[in-house]
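Protein chains in written order, with this note's numbering: chain P, 1 to 201; chain U, 1 to 201; chain C, 1 to 260.
None of these hints come from the bench; they were simulated from the model.
Values in this document were obtained by computation on a predicted structure and should not be read as measured data.
It is possible that part of the hints are untrue.
[Stated by the list, open to error] Below are the EDC-like pairs computed for lysine to aspartate or glutamate, each with C-alpha atoms no more than 16 Å apart in a straight line: (1) U:K166 to U:E184; (2) U:K147 to U:E132; (3) U:K63 to U:E36; (4) U:K187 to C:E150; (5) P:K82 to U:E127; (6) U:K42 to U:D61; (7) U:K166 to C:E150; (8) P:K4 to U:E71; (9) P:K166 to C:E150; (10) C:K113 to P:D169; (11) U:K87 to C:E150; (12) U:K166 to C:E206; (13) U:K4 to P:E71; (14) U:K87 to C:E153; (15) P:K82 to P:E111; (16) P:K42 to P:E71; (17) P:K87 to C:E118; (18) C:K113 to P:E111; (19) U:K187 to C:E153; (20) U:K87 to U:E127; (21) U:K4 to U:E36; (22) P:K63 to P:D35; (23) P:K63 to P:E34; (24) P:K87 to P:E127.
[To be verified] Partner residues are not named here, just some residues of chain P that face chain U (Cβ under 8 Å, in silico): (25) F15; (26) R53; (27) V79; (28) P165.
[What the hints assert, rightly or not] Covered by chain C, according to a simulated footprint, are these stretches of chain P (three or more residues, beta-carbon under 8 Å): (29) 54-68; (30) 103-115.
The beta carbon of each residue, even a glycine, is placed where N, CA and C say it ideally should be.
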Amino acid sequence: MDNKALESTIEAVLFAAGEPVPAGRIASVAGVVEDEVFAAAKSLADYYSYSQRGICLVRTDDKLQLCSAPEYAGEVIHVLEKRRPPKLSQTSLEVLAICAYFQPVTRAYVEQVRGVDSSYTMGVLLERGLIESCGRLDVPGRPTIYKTTDLFLRSMGITNLSELPKLPDMTSQDSISKLNGIIEAIKAEENGQLAIGDSED
Amino acid sequence: MDNKALESTIEAVLFAAGEPVPAGRIASVAGVVEDEVFAAAKSLADYYSYSQRGICLVRTDDKLQLCSAPEYAGEVIHVLEKRRPPKLSQTSLEVLAICAYFQPVTRAYVEQVRGVDSSYTMGVLLERGLIESCGRLDVPGRPTIYKTTDLFLRSMGITNLSELPKLPDMTSQDSISKLNGIIEAIKAEENGQLAIGDSED
Amino acid sequence: MDNPTFHLEGIVKTRDEMQDFSGPLSLILMLLSKNKIEIRDLKISEILDQYLAYIEQMQEMDLDVASEFVQMASHLLYIKTRTLLVGDEVEELDELMTSLEQLKCHDAYSSIKAITPELLTAYSRGSMTFSKPPEPLNPIIDKSYRYSHEPRELLLALSSVFSRSGGVQEPTKLVPMPKRIIYGVREKCLQLVELLRSCEGRTLKELYLMSKSRSEVVATFISVLELCSSGSIAITESGGELSVSLVNDGDIRLSDMITE
Chain P
1 MDNKALESTI EAVLFAAGEP VPAGRIASVA GVVEDEVFAA AKSLADYYSY
51 SQRGICLVRT DDKLQLCSAP EYAGEVIHVL EKRRPPKLSQ TSLEVLAICA
101 YFQPVTRAYV EQVRGVDSSY TMGVLLERGL IESCGRLDVP GRPTIYKTTD
151 LFLRSMGITN LSELPKLPDM TSQDSISKLN GIIEAIKAEE NGQLAIGDSE
201 D
Chain U
1 MDNKALESTI EAVLFAAGEP VPAGRIASVA GVVEDEVFAA AKSLADYYSY
51 SQRGICLVRT DDKLQLCSAP EYAGEVIHVL EKRRPPKLSQ TSLEVLAICA
101 YFQPVTRAYV EQVRGVDSSY TMGVLLERGL IESCGRLDVP GRPTIYKTTD
151 LFLRSMGITN LSELPKLPDM TSQDSISKLN GIIEAIKAEE NGQLAIGDSE
201 D
Chain C
1 MDNPTFHLEG IVKTRDEMQD FSGPLSLILM LLSKNKIEIR DLKISEILDQ
51 YLAYIEQMQE MDLDVASEFV QMASHLLYIK TRTLLVGDEV EELDELMTSL
101 EQLKCHDAYS SIKAITPELL TAYSRGSMTF SKPPEPLNPI IDKSYRYSHE
151 PRELLLALSS VFSRSGGVQE PTKLVPMPKR IIYGVREKCL QLVELLRSCE
201 GRTLKELYLM SKSRSEVVAT FISVLELCSS GSIAITESGG ELSVSLVNDG
251 DIRLSDMITE
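Isolated chain P (complex conformation) (with noise of 0.2 Å):
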């Protein structure tokens, strides 16, 4: 299979499935090598995105997705009355950067994180598919624990979590002072205990 043929295979595939389909499959099918698909879905989607198409090509982890661009969105939405996509507020947006940089996360650390109940927002942020529940944890309890989703990686244009915005190190210089006191004071107690119990024995 040629180049060319290849990526219209995978323009049809992707365009039959609608949803995200795991490169490897369509490798099998085609013959070729995984490499060999992600290679002819890069060239498809620099196409797109050159040509100003009305679709786009979307890697998220080693799946691919078709969507329509996002340039045409405001038709897309006018002509078939779809709604359009809710903006996420501040809150929704906290909570899914939590999710999104320290998961897998149950809501108890959330809340821990944040400092209030969000169960409404993790709710809300399931609802629209930005976060799934992936088990739970082996603690007393056994509370769900979130991570989040392909639909969230797409959102955030991204192909995998690596590609996250770098989160800014905020450890305040009060914390890690506050711990060297503690261990100096640590290690001052238990000499002292150590000596005094070598002086008992």
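Assemble chains U and C onto chain P, guided by the hints.
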């Protein structure tokens, strides 16, 4: 809106719809007359077909729809088919082996060798393209005779029937042990463990 | 003390469970196992020194460890100190732990809040892509076989057939086995129609004489019968000879229907 932008808008809208969309709806949102939409759709359809793309644009009455191109229907089905067709069962393998080694054969012959009714399995092998009919036997009842196909050769990884491992004379008393001997020899050869001493036996 | 025992009830139940840990707790265990002593006898300053050395190494490797450092150290202190303290002191320790946890969460939250504007920008574009519903799959599914086998599997299958039937009889004694592929009636019909179309008015005898073998004669005989009964050819007698001619210029639609 220029022609290029109109085409991309049509593409985006039809893509997201996934079903036929009245051209008039696109025209009113794009702010052009319906005929311009039809003209742009025609040009888009011609481009898809000329460039052998994986998608095609279909017009039915006053509606437009994007579909995956029929040329790639085979690949689309193979990739998206959830349920993979089953591998050959032991029964099917037996019938296939008899057809392969004693071809051309009649159904009656296969049944005589196996000792059980085999019409269903013969049907399965026919449907899956591993055997085919190749005429009728000139005896009363004129039963259909069958032989293996090119697909059979490909499935076995051989180019012609003479590459099948030789079958010993099956009418002699010790034919089964001879047959098992051959199977063992092939197995050993595949494992690269054929000892020199064995060849003297 | 070759086999260290870990007194970490509530944290580690079995040794198998340890495999699942990564990060701070696994580090504690690693350090504990290095010391090969019980935590009760652990000299915390030694552990801390080791840990700080580890942190330094991680920082040299440019790994992001700052927040992990806080978590790790608090766990260490907690485990060790609980074994040393009593009464009010335990409470104090718990307060200390809580305050450290809070600090850690506060730091994480600050980072999160700092990154949200960037995420919002990415989202406002990325969320404007629409997916489409899947196309219905064409119901005509190609059922042709798509797996590969070893020829040896055929021999194995034969072996199981023959072992089951308790030996091998000469099958040809009961059912005649074709020696070679013989002429299909359908092919022969088409061949005859082609022949008659190119040259009208053959005699039946000529058609039989053209056959090269007994089986081909039989096929010709059956084909002529088939074609007659379907009305595609007609046989007329003239001067003791039977002539064969096409009806309707060899409309072979009927003979097309002669299938197996």
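Each hint, compared with the structure:
no.	hint	in the structure
1	U:K166 to U:E184	13 Å, holds
2	U:K147 to U:E132	6 Å, holds
3	U:K63 to U:E36	14 Å, holds
4	U:K187 to C:E150	11 Å, holds
5	P:K82 to U:E127	45 Å, violated
6	U:K42 to U:D61	13 Å, holds
7	U:K166 to C:E150	14 Å, holds
8	P:K4 to U:E71	14 Å, holds
9	P:K166 to C:E150	52 Å, violated
10	C:K113 to P:D169	12 Å, holds
11	U:K87 to C:E150	13 Å, holds
12	U:K166 to C:E206	43 Å, violated
13	U:K4 to P:E71	13 Å, holds
14	U:K87 to C:E153	13 Å, holds
15	P:K82 to P:E111	33 Å, violated
16	P:K42 to P:E71	19 Å, violated
17	P:K87 to C:E118	14 Å, holds
18	C:K113 to P:E111	14 Å, holds
19	U:K187 to C:E153	10 Å, holds
20	U:K87 to U:E127	13 Å, holds
21	U:K4 to U:E36	12 Å, holds
22	P:K63 to P:D35	12 Å, holds
23	P:K63 to P:E34	11 Å, holds
24	P:K87 to P:E127	14 Å, holds
25	F15	5 Å, holds
26	R53	6 Å, holds
27	V79	5 Å, holds
28	P165	28 Å, violated
29	54-68	holds (count 6)
30	103-115	holds (count 4)
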